[in-house]
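Take each chain as given, in its own frame, and dock them per the hints.
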Amino acid sequence: MKAWLRHHSRSLKGALLRFARAPFATLLNAFAIALSLALPLCAYIVVFNLQSLSGHASDKAPQLNVFLQPDSGVSAQRALENTIRESPAVRELRFISKEEALKALKRDGEMAEIAALLQTNPLPDAFVAELRPEAAREAELLTAQLRAHKAVAKVQLDTEWLQRLQMILSLGKLAIGLLAGLLALALVAVTFNTVRMQILTQRTEIEVSLLIGATSAYIRRPFFYQGALLGLVGGGLALAIVIAAGVVLNPQVEALAQAYGTAFRLELPPAVDLLALMVFSGFLGWLGAWLSVSRHLHSFAPS
Amino acid sequence: MIYAPLLRAILPKLCWTHEHHVSVIRFNHVSKRYPGGYPGVHDLSLDIEAGEMLFVTGHSGAGKSTLLKLIALIERPTSGTLLVNGQNVGVMRSAAIPFMRRNLGIIFQDQKLLYDRSVFDNVLLPLQVCGHPPREALKRARAALDKVGLLERDKANPIALSGGEQQRLCIARAIVHRPSILIADEPTANLDGDTAGQVMDIFKSFHQVGVTVLVATHDLGLVSRYASRTVHLDQGKLAA
Chain W
1 MKAWLRHHSR SLKGALLRFA RAPFATLLNA FAIALSLALP LCAYIVVFNL QSLSGHASDK
61 APQLNVFLQP DSGVSAQRAL ENTIRESPAV RELRFISKEE ALKALKRDGE MAEIAALLQT
121 NPLPDAFVAE LRPEAAREAE LLTAQLRAHK AVAKVQLDTE WLQRLQMILS LGKLAIGLLA
181 GLLALALVAV TFNTVRMQIL TQRTEIEVSL LIGATSAYIR RPFFYQGALL GLVGGGLALA
241 IVIAAGVVLN PQVEALAQAY GTAFRLELPP AVDLLALMVF SGFLGWLGAW LSVSRHLHSF
301 APS
Chain P
1 MIYAPLLRAI LPKLCWTHEH HVSVIRFNHV SKRYPGGYPG VHDLSLDIEA GEMLFVTGHS
61 GAGKSTLLKL IALIERPTSG TLLVNGQNVG VMRSAAIPFM RRNLGIIFQD QKLLYDRSVF
121 DNVLLPLQVC GHPPREALKR ARAALDKVGL LERDKANPIA LSGGEQQRLC IARAIVHRPS
181 ILIADEPTAN LDGDTAGQVM DIFKSFHQVG VTVLVATHDL GLVSRYASRT VHLDQGKLAA
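Protein chains in written order, with this note's numbering: chain W, 1 to 303; chain P, 1 to 240.
Please keep in mind that the hints were generated in silico from the structure rather than gathered at the bench. Beta carbons: idealized from backbone N, C-alpha and C, even for Gly. Fair warning: there could be bad hints in the mix.
According to the in silico footprint, chain W covers these stretches of chain P (three or more CB under 8 Å from chain W) [as the list claims (entries may be wrong)]:
{"no.": "1", "stretch": "95-101"}
{"no.": "2", "stretch": "207-219"}
{"no.": "3", "stretch": "223-231"}
Pair by pair, the computed Cβ-Cβ distance ranges are [as the list claims (entries may be wrong)]:
{"no.": "4", "chain 1": "P", "residue 1": "134", "chain 2": "W", "residue 2": "178", "range": "44 to 52 Å"}
{"no.": "5", "chain 1": "W", "residue 1": "268", "chain 2": "P", "residue 2": "151", "range": "54 to 62 Å"}
{"no.": "6", "chain 1": "P", "residue 1": "49", "chain 2": "W", "residue 2": "8", "range": "35 to 43 Å"}
{"no.": "7", "chain 1": "P", "residue 1": "146", "chain 2": "W", "residue 2": "181", "range": "44 to 52 Å"}
{"no.": "8", "chain 1": "W", "residue 1": "52", "chain 2": "P", "residue 2": "96", "range": "21 to 29 Å"}
{"no.": "9", "chain 1": "W", "residue 1": "185", "chain 2": "P", "residue 2": "192", "range": "53 to 61 Å"}
{"no.": "10", "chain 1": "W", "residue 1": "217", "chain 2": "P", "residue 2": "36", "range": "27 to 35 Å"}
{"no.": "11", "chain 1": "P", "residue 1": "93", "chain 2": "W", "residue 2": "200", "range": "22 to 30 Å"}
{"no.": "12", "chain 1": "P", "residue 1": "36", "chain 2": "W", "residue 2": "185", "range": "35 to 43 Å"}
{"no.": "13", "chain 1": "P", "residue 1": "87", "chain 2": "W", "residue 2": "185", "range": "42 to 50 Å"}
Only chain P is shown next, with the shape it has when bound in the complex (with noise of 0.2 Å):
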């Protein structure tokens, strides 16, 4: 068989496949532990699913950042195993990176908005950096304002909108790149009941359409009007 070797190479990839439609996201046995021992995850084990709508629950400090920011490889796992779709982050090479990156859309607790470009340009960034064409780009952009109701909003700077305004215009800019994952840290944080409420549509409508979705938040309130599994983390440990 001259195909065996072909066939034994790609085989795995195949099964890689299979097991990304079960579980995009995997915690095995995950630890990380900060310079001077402050734990920010310990020992966490956890299986997200292709799709599922996650909520991430715990008072601050409790490890729910920490977890997001393993799963966007700002750090690294101290100890354990994480896959993201597929993929052993924890080894990852430096330069795998920015690739692996964007096949997520993050909504970041501190916006980090860029106020010295319209609400187009802050949407219009992430295609850049992805290299999108132009005209593709510009078409993306405009679909992504449209979808968190912000369109005519696009020529105005961000430090002109309302605070609702702003996290939709976050959460455009998660979106315009079409991510398989979307996470947000604390979305809403700043956000009157109703406004949150709106923000949590929005992410409902992605979970919808098959995007996974992980939303970390200490207002159990908001979790509880939804029907979506949710996992509360107490002192970097998943409670029961």
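Isolated chain W, as found in the complex (with noise of 0.2 Å):
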């Protein structure tokens, strides 16, 4: 037990020695490593970011905004707005007369100037309601519903485009799920190359240690542990890479979302997410190692 504890402390310290010993091969293989781990994780972090943007927009209730023809009698306002108010979509219901809107639009400081031009007032009656988030089919229903009434202008529905960017980011997320998953792949290719040129290197020393009695497990764990810390080291490189690049951008998004109206910057995963990035970056390592000396090393068993 204690031998084994000791071989297993020496291939860590082994593994390690032998990347100080070759910095820069070592820092090249990292970093061809965490390229392929920094390219999906710069594209889901844009993806986390925008969901959490439209996450944003979805926290204020979707809005239905109809607009009534400017003829339209009282009677029809009131069988409108029982149409509107029985249907399950809506939360909450405000009829904004003309003359209110008017009102509203001498109040605003830009528009005050306008409206103060006008002889008559041009601003159609309006029902707005709040609608629930859930009842999306509900919500269509009645828009199809008020857009075929004949006392209705117009009728806005604002999560449509909600829904589209929904769409855009799931497919987002499926295309880098794909990528992530090819990129994972090139991830044990070059764990599983390193390792074999150094088993290649190695050579003797495994056939020797074989021939006076070491068993499998002992000539591949070294191995293992140089693939797992290659990954490792990746990772670590990866999220470098990435916290880096949010340094470079994050003042240029901050002041594009400022010409737009709003905050907003590229945050990163929760540190749990990045954490578990890495260590699944070790293992992939540890698998390519594994794939590695369970192909090379066979040319060493007796026959």
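This is the structure:
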């Protein structure tokens, strides 16, 4: 048991020492791994942030604006009000008469001057309904129903763009998933090859060790450590790349968001996710080493 | 008798122990045929006693290396049975092979020294493989180097050693974990007469402290200087 632990610590030290002895080659390998991780991670962060942005937007309940024909009578208004209120999609309903709308317009700084020039009130009466976000289907049903009503001039449902955004985001997520899968394969390939080279350079040592009674677990262990460590270092480097990219991009992103009148910056996913990514990267490194060792140590076995 | 099953389980083991005192390696009609029909050894029967020093002679290609490889389980017999320390190595599970090899000390024809580490670390390797505690391993490695007269070269790289020194380093590495059987394949092949004699004297000293020593060589002149049993191989068969 003690000997076993000792060999584990020696394998780890050996792997670290090999890294230290060939820092440039190790760094290049780690960099290849880091890139294959950083690419999907960056894309993921963009989607993650857009999603939180659209999440903000959907925090406000979706709105349905119904503008009436100018000549619609009071009875038609009553009937419409009942129709809208009865729909299960509606949470709250307000009526804004054209007079109120004009008053609101006059209060608005920029529009006030224009409003003052108006001789008659060109604004329509309107209903503003706050919808339940979960009742999207009913909302569409209601919209269609209102559009068909002859007292209604125009219906605006502001959830449509949100739905489109959601669809684009889920498409993006799928694409990222595919990309990440491919690049995970690349990561495995990099460690596979690195470990293969290491096995070749240590050929004599492996041969001698086997002939003086090393178990195959003993032979494999250092390579597993090497692969896992390479994956971990690559994962750490990927995080560093992504964080650096965030630092470079964020001032620009904030400036752009400000131009659109919102506050928005790219945020990293939670630390747990980032940690999980590093662990996963280490696992992929181990997997690459395992595949390589299983494949290349056969040549040493007695016939 | 409650102990009957226990006795029955232990008795054969006791007999085995007894047997391995008599013959530590037993070839019983062993053949090893390589793919392509090239025969390594053919119908070989040979008993090697514990503590014996045995020379195996013959031309190159006569099967000397094959004989040693069979003992070290680098090759498995095609037919016949081979017992090493009472265990039938022909049917041994792969997982058991490493532990069986720890009873052997092997000096390879091509030396297989590791040039990426010091003389001392070369000798340390078998002890690390067997999982010895570090402090004891250091002591043993030093003792092994002392035994072959290389203690003051411990920090050198093996590449800086002379041919004779390299061969002595191989011996130190082979005996550092105190194996009961020492196997050497052409240990004097590249050495001049005097150096070869020194190397053989080291083998003799191990034989004198009870280690079973097996030396394969084509140097008949060297063999004739020692009063040890010699078997001659010719085309994979024992010659009289």
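Structure-based check of each hint:
no., hint, result
1, 95-101, "holds (count 6)"
2, 207-219, "violated (count 0)"
3, 223-231, "violated (count 0)"
4, P/134 to W/178: 44 to 52 Å, "holds, 50 Å"
5, W/268 to P/151: 54 to 62 Å, "holds, 59 Å"
6, P/49 to W/8: 35 to 43 Å, "holds, 41 Å"
7, P/146 to W/181: 44 to 52 Å, "violated, 59 Å"
8, W/52 to P/96: 21 to 29 Å, "violated, 59 Å"
9, W/185 to P/192: 53 to 61 Å, "holds, 57 Å"
10, W/217 to P/36: 27 to 35 Å, "holds, 34 Å"
11, P/93 to W/200: 22 to 30 Å, "holds, 28 Å"
12, P/36 to W/185: 35 to 43 Å, "holds, 40 Å"
13, P/87 to W/185: 42 to 50 Å, "holds, 45 Å"
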